[in-house]
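My request is simple: use the sequences and hints to build the entire structure.
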Amino acid sequence: VALCVPEQQAEKLLLSSWGLPKPVLERYQKHGVTQMFEWQAQCLTVGHVLHGGNLVYSEGVQIIGMSATLPNLSLLASWLGADLYQTDYRPVPLQEHLKVGCNIYNKSLSVVRQFAPALNIKGDDDHIVSLCYETVREGHSVLLFCPSKNWCEKLADTIARAFFNLRHTGELQLVLIPSYSALSHGGWFHSAGLTFDERDVLEGAFRQGLIRVLAATSTLSSGVNLPARRVVIRTPTFNGRLLDPLTYKQMAGRAGRKGVDTT
1 VALCVPEQQA EKLLLSSWGL PKPVLERYQK HGVTQMFEWQ AQCLTVGHVL
51 HGGNLVYSEG VQIIGMSATL PNLSLLASWL GADLYQTDYR PVPLQEHLKV
101 GCNIYNKSLS VVRQFAPALN IKGDDDHIVS LCYETVREGH SVLLFCPSKN
151 WCEKLADTIA RAFFNLRHTG ELQLVLIPSY SALSHGGWFH SAGLTFDERD
201 VLEGAFRQGL IRVLAATSTL SSGVNLPARR VVIRTPTFNG RLLDPLTYKQ
251 MAGRAGRKGV DTT
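Positions 1 to 263 (UniProt numbering) are the ones given, in order, by the sequence shown.
Derived by calculation from the structure, the hints in this document are not laboratory data.
Fair warning: there could be bad hints in the mix.
[What the hints assert, rightly or not] Listed next, with one range per pair, are the computed distances between beta-carbon atoms: (1) D88 with G123: 33 to 41 Å; (2) L50 with K107: 35 to 43 Å; (3) V49 with G123: 54 to 62 Å; (4) R90 with S148: 40 to 48 Å; (5) K30 with L50: 18 to 26 Å.
[Stated by the list, open to error] With a Cα cut of at most 25 Å, we get these calculated BS3-like pairs of lysine-lysine: (6) K154 with K99; (7) K99 with K249; (8) K99 with K122; (9) K99 with K30; (10) K22 with K149; (11) K107 with K122.
Note that the structure is predicted; figures quoted are calculated from it, not measured.
Beta carbons are placed, not taken as given, at the ideal position from N, Cα and C, and that holds for glycine.
And the structure:
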(Lines of atoms letter the chains of each structure in order from A and count residues from 1; the text may use other names and numbers.)
(Lines give C-alpha, C1' and ligand atoms only; values in the text may rest on other atoms or scores of the structure.)
Protein backbone atom coordinates (compact mmCIF):
# COMPACT_ATOMS: atom_id res chain seq x y z
CA VAL A 1 0.00 0.00 0.00
CA ALA A 2 1.48 3.36 -1.06
CA LEU A 3 0.59 6.10 1.40
CA CYS A 4 1.08 9.74 0.54
CA VAL A 5 1.20 13.00 2.48
CA PRO A 6 -1.75 15.31 1.67
CA GLU A 7 -0.67 18.55 0.03
CA GLN A 8 -3.20 20.78 1.79
CA GLN A 9 -2.63 21.39 5.50
CA ALA A 10 -6.38 21.22 6.20
CA GLU A 11 -6.56 17.71 4.74
CA LYS A 12 -3.76 16.21 6.86
CA LEU A 13 -6.10 15.24 9.68
CA LEU A 14 -8.57 13.44 7.38
CA LEU A 15 -7.97 9.70 7.11
CA SER A 16 -9.38 9.75 3.58
CA SER A 17 -6.51 12.01 2.44
CA TRP A 18 -3.71 9.52 3.07
CA GLY A 19 -4.41 6.96 0.34
CA LEU A 20 -5.64 4.24 2.69
CA PRO A 21 -7.41 1.27 1.05
CA LYS A 22 -11.21 1.59 0.91
CA PRO A 23 -11.88 -1.42 3.24
CA VAL A 24 -9.62 0.16 5.88
CA LEU A 25 -11.39 3.51 5.62
CA GLU A 26 -14.79 1.82 5.85
CA ARG A 27 -13.72 -0.03 9.00
CA TYR A 28 -12.65 3.24 10.63
CA GLN A 29 -15.86 4.97 9.53
CA LYS A 30 -17.90 2.13 10.98
CA HIS A 31 -16.48 3.07 14.37
CA GLY A 32 -17.01 6.77 13.78
CA VAL A 33 -13.32 7.56 13.14
CA THR A 34 -12.70 9.91 10.22
CA GLN A 35 -9.82 12.03 11.51
CA MET A 36 -6.52 11.48 13.27
CA PHE A 37 -4.93 13.53 16.03
CA GLU A 38 -2.57 16.32 15.01
CA TRP A 39 0.41 14.59 16.63
CA GLN A 40 -0.32 11.45 14.58
CA ALA A 41 -0.19 13.44 11.36
CA GLN A 42 3.09 15.01 12.50
CA CYS A 43 4.58 11.57 13.14
CA LEU A 44 3.66 10.33 9.69
CA THR A 45 5.38 13.26 7.99
CA VAL A 46 8.75 12.72 9.74
CA GLY A 47 11.63 11.35 7.67
CA HIS A 48 10.92 8.08 5.87
CA VAL A 49 8.17 6.78 8.15
CA LEU A 50 5.70 6.28 5.30
CA HIS A 51 8.31 4.21 3.44
CA GLY A 52 8.96 1.76 6.31
CA GLY A 53 11.41 3.84 8.35
CA ASN A 54 11.48 3.58 12.16
CA LEU A 55 10.31 6.41 14.36
CA VAL A 56 11.08 7.57 17.88
CA TYR A 57 8.62 10.33 18.75
CA SER A 58 8.65 12.33 21.97
CA GLU A 59 7.35 15.70 23.04
CA GLY A 60 8.41 16.34 26.60
CA VAL A 61 7.97 12.66 27.44
CA GLN A 62 10.71 10.39 28.80
CA ILE A 63 10.27 6.70 28.07
CA ILE A 64 11.80 4.06 30.34
CA GLY A 65 11.84 0.46 29.11
CA MET A 66 12.61 -2.50 31.36
CA SER A 67 13.32 -6.17 30.74
CA ALA A 68 14.68 -9.03 32.81
CA THR A 69 15.29 -11.38 29.89
CA LEU A 70 16.07 -9.56 26.60
CA PRO A 71 19.51 -10.68 25.38
CA ASN A 72 20.20 -7.75 23.00
CA LEU A 73 19.62 -4.74 25.22
CA SER A 74 22.63 -2.82 23.91
CA LEU A 75 21.39 -3.20 20.34
CA LEU A 76 17.90 -2.06 21.31
CA ALA A 77 19.28 0.92 23.24
CA SER A 78 21.41 1.91 20.23
CA TRP A 79 18.40 1.72 17.91
CA LEU A 80 16.33 3.87 20.28
CA GLY A 81 19.18 6.31 20.92
CA ALA A 82 18.76 5.59 24.62
CA ASP A 83 21.04 5.21 27.63
CA LEU A 84 21.44 1.67 28.94
CA TYR A 85 21.50 0.71 32.61
CA GLN A 86 22.00 -2.89 33.75
CA THR A 87 21.97 -4.48 37.20
CA ASP A 88 21.88 -7.96 38.71
CA TYR A 89 20.01 -6.76 41.81
CA ARG A 90 16.87 -8.66 42.81
CA PRO A 91 14.67 -7.55 45.75
CA VAL A 92 14.15 -11.24 46.52
CA PRO A 93 17.26 -13.36 45.80
CA LEU A 94 16.62 -16.27 43.44
CA GLN A 95 18.28 -19.51 44.50
CA GLU A 96 18.98 -21.81 41.55
CA HIS A 97 19.82 -25.47 42.10
CA LEU A 98 20.32 -28.63 40.07
CA LYS A 99 19.06 -31.96 41.40
CA VAL A 100 20.74 -35.18 40.26
CA GLY A 101 19.61 -38.26 42.13
CA CYS A 102 19.53 -37.21 45.78
CA ASN A 103 22.29 -34.62 45.37
CA ILE A 104 21.38 -30.95 45.08
CA TYR A 105 24.01 -28.70 43.49
CA ASN A 106 24.36 -24.92 43.46
CA LYS A 107 25.33 -22.79 40.44
CA SER A 108 29.00 -23.64 41.02
CA LEU A 109 28.11 -27.36 40.80
CA SER A 110 29.02 -27.94 44.45
CA VAL A 111 26.81 -30.28 46.46
CA VAL A 112 24.90 -28.16 48.99
CA ARG A 113 22.39 -30.70 50.23
CA GLN A 114 21.38 -34.33 50.25
CA PHE A 115 17.68 -34.56 49.48
CA ALA A 116 15.80 -37.11 51.58
CA PRO A 117 12.40 -37.77 49.95
CA ALA A 118 9.59 -37.75 52.49
CA LEU A 119 7.30 -39.81 50.26
CA ASN A 120 7.85 -43.09 48.47
CA ILE A 121 5.78 -42.86 45.29
CA LYS A 122 5.94 -45.63 42.71
CA GLY A 123 7.37 -44.36 39.40
CA ASP A 124 8.52 -41.07 40.92
CA ASP A 125 12.25 -41.77 40.63
CA ASP A 126 13.12 -38.05 40.56
CA HIS A 127 11.17 -37.36 43.79
CA ILE A 128 9.00 -34.66 42.19
CA VAL A 129 6.10 -35.37 44.56
CA SER A 130 8.41 -35.04 47.58
CA LEU A 131 9.82 -31.76 46.27
CA CYS A 132 6.28 -30.44 45.99
CA TYR A 133 5.29 -31.81 49.39
CA GLU A 134 8.29 -30.14 51.03
CA THR A 135 7.06 -26.73 49.81
CA VAL A 136 3.30 -27.23 50.15
CA ARG A 137 3.44 -28.37 53.79
CA GLU A 138 5.06 -25.00 54.59
CA GLY A 139 2.07 -23.22 53.07
CA HIS A 140 3.64 -22.26 49.72
CA SER A 141 3.01 -23.04 46.06
CA VAL A 142 4.94 -24.90 43.36
CA LEU A 143 5.08 -24.48 39.58
CA LEU A 144 6.18 -27.51 37.56
CA PHE A 145 7.21 -27.04 33.93
CA CYS A 146 6.89 -30.06 31.64
CA PRO A 147 7.63 -30.40 27.91
CA SER A 148 4.21 -31.69 26.84
CA LYS A 149 0.51 -31.53 27.69
CA ASN A 150 0.40 -35.28 28.29
CA TRP A 151 3.32 -35.10 30.73
CA CYS A 152 1.59 -32.26 32.61
CA GLU A 153 -1.63 -34.22 33.02
CA LYS A 154 0.07 -37.42 34.20
CA LEU A 155 2.29 -35.58 36.68
CA ALA A 156 -0.64 -33.57 38.06
CA ASP A 157 -2.63 -36.76 38.49
CA THR A 158 0.25 -38.49 40.34
CA ILE A 159 0.67 -35.53 42.70
CA ALA A 160 -3.08 -35.20 43.26
CA ARG A 161 -3.44 -38.85 44.23
CA ALA A 162 -0.46 -38.68 46.60
CA PHE A 163 -1.80 -35.52 48.25
CA PHE A 164 -5.26 -37.06 48.49
CA ASN A 165 -3.82 -39.96 50.50
CA LEU A 166 -1.86 -37.59 52.73
CA ARG A 167 -4.93 -35.49 53.36
CA HIS A 168 -6.90 -38.50 54.53
CA THR A 169 -4.12 -39.49 56.92
CA GLY A 170 -4.12 -35.97 58.37
CA GLU A 171 -0.55 -35.23 57.24
CA LEU A 172 -1.54 -32.50 54.79
CA GLN A 173 -4.22 -29.84 54.97
CA LEU A 174 -5.33 -28.27 51.69
CA VAL A 175 -8.10 -25.96 50.56
CA LEU A 176 -9.74 -27.81 47.69
CA ILE A 177 -11.82 -26.68 44.74
CA PRO A 178 -14.92 -28.88 44.30
CA SER A 179 -14.53 -31.15 41.30
CA TYR A 180 -15.35 -34.67 40.24
CA SER A 181 -11.74 -35.08 39.10
CA ALA A 182 -8.95 -36.56 41.20
CA LEU A 183 -7.04 -33.39 40.32
CA SER A 184 -9.09 -31.46 42.87
CA HIS A 185 -6.84 -32.86 45.58
CA GLY A 186 -4.02 -30.38 45.13
CA GLY A 187 -2.42 -30.90 41.70
CA TRP A 188 -3.64 -29.24 38.52
CA PHE A 189 -2.29 -28.81 35.01
CA HIS A 190 -2.19 -25.81 32.69
CA SER A 191 -1.68 -26.22 28.95
CA ALA A 192 -2.80 -24.95 25.56
CA GLY A 193 -5.57 -27.56 25.58
CA LEU A 194 -7.61 -25.63 28.16
CA THR A 195 -10.24 -23.06 27.30
CA PHE A 196 -9.70 -19.40 28.24
CA ASP A 197 -12.29 -19.71 31.03
CA GLU A 198 -10.55 -22.78 32.46
CA ARG A 199 -7.21 -20.99 32.40
CA ASP A 200 -8.67 -17.97 34.19
CA VAL A 201 -10.10 -20.18 36.93
CA LEU A 202 -6.83 -22.08 37.40
CA GLU A 203 -4.63 -18.98 37.40
CA GLY A 204 -6.90 -17.15 39.84
CA ALA A 205 -7.07 -20.13 42.20
CA PHE A 206 -3.29 -20.53 42.10
CA ARG A 207 -2.74 -16.86 42.97
CA GLN A 208 -5.14 -17.17 45.90
CA GLY A 209 -3.45 -20.31 47.21
CA LEU A 210 -6.45 -22.57 46.55
CA ILE A 211 -4.26 -24.56 44.19
CA ARG A 212 -0.82 -25.31 45.59
CA VAL A 213 0.75 -27.27 42.71
CA LEU A 214 0.38 -26.43 39.04
CA ALA A 215 2.01 -28.46 36.26
CA ALA A 216 2.33 -26.44 33.07
CA THR A 217 3.90 -26.39 29.63
CA SER A 218 6.41 -23.70 28.67
CA THR A 219 3.60 -21.48 27.33
CA LEU A 220 2.87 -20.43 30.93
CA SER A 221 6.41 -19.10 31.44
CA SER A 222 5.73 -15.82 29.64
CA GLY A 223 2.83 -13.42 29.67
CA VAL A 224 1.17 -14.73 32.83
CA ASN A 225 2.10 -13.46 36.29
CA LEU A 226 1.92 -16.56 38.49
CA PRO A 227 4.49 -16.30 41.28
CA ALA A 228 5.48 -19.43 43.23
CA ARG A 229 7.84 -20.22 46.09
CA ARG A 230 9.44 -23.08 44.14
CA VAL A 231 9.75 -23.68 40.40
CA VAL A 232 10.69 -27.15 39.16
CA ILE A 233 11.79 -27.56 35.55
CA ARG A 234 11.13 -31.22 34.88
CA THR A 235 13.62 -31.71 32.02
CA PRO A 236 16.28 -29.65 30.24
CA THR A 237 14.79 -30.47 26.82
CA PHE A 238 11.59 -28.86 25.48
CA ASN A 239 10.19 -29.36 21.97
CA GLY A 240 13.06 -31.67 21.10
CA ARG A 241 15.87 -29.24 21.94
CA LEU A 242 17.71 -27.92 24.94
CA LEU A 243 16.01 -25.17 26.89
CA ASP A 244 17.31 -21.78 25.71
CA PRO A 245 18.52 -19.22 28.29
CA LEU A 246 15.61 -16.83 27.66
CA THR A 247 12.94 -19.46 28.30
CA TYR A 248 14.83 -20.74 31.34
CA LYS A 249 14.94 -17.25 32.84
CA GLN A 250 11.22 -16.80 32.20
CA MET A 251 10.47 -20.08 33.98
CA ALA A 252 12.85 -19.67 36.90
CA GLY A 253 11.78 -16.06 37.38
CA ARG A 254 8.33 -17.20 38.56
CA ALA A 255 10.01 -17.79 41.93
CA GLY A 256 11.30 -15.06 44.20
CA ARG A 257 8.72 -12.38 43.42
CA LYS A 258 8.71 -9.13 45.38
CA GLY A 259 5.61 -8.72 47.50
CA VAL A 260 4.99 -12.47 47.42
CA ASP A 261 8.17 -14.05 48.76
CA THR A 262 11.00 -13.08 51.06
CA THR A 263 13.30 -15.98 50.13
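query: Taking 25 Å as the top limit, are the C-alpha atoms of K107 and K122 close enough?
result: Not OK: K107 and K122 at ~30 Å, beyond 25 Å, violated.
message: Between the alpha carbons of K99 and K122, is the straight-line distance 25 Å or under?
response: holds, 19 Å
field: Cβ distance range 40 to 48 Å for R90 and S148, holds or violated
entry: The hint (40 to 48 Å, Cβ to Cβ) is violated, given that R90 and S148 are roughly 31 Å apart.
query: Regarding the pair K99 and K30, is the alpha-carbon distance no greater than 25 Å?
result: Violated: K99 and K30 sit about 59 Å apart, past 25 Å.
query: Is it true that the CA of K22 sits at most 25 Å from the CA of K149?
result: violated, 44 Å
query: Taking the CB of L50 and the CB of K107, does the distance hold inside 35 to 43 Å?
result: violated, 50 Å
Restraint check for K99 with K249, where alpha carbons must lie at most 25 Å apart: holds, 18 Å
field: Cβ separation of K30 and L50, checked against the hinted range 18 to 26 Å
entry: holds, 25 Å
task: With 54 to 62 Å as the target window, see if V49 and G123 comply at their CB atoms.
output: Given a distance of about 60 Å, which is inside 54 to 62 Å, the answer is holds.
task: Check the following: the C-beta atoms of D88 and G123 are separated by a distance inside 33 to 41 Å.
output: 39 Å Cβ-Cβ, so the 33 to 41 Å window holds.
query: Are the Cα atoms of K154 and K99 separated by 25 Å or less?
result: holds, 21 Å
In summary, the structure is inconsistent with hints 2, 4, 9, 10, 11 from the numbered list given earlier, while agreeing with the others.
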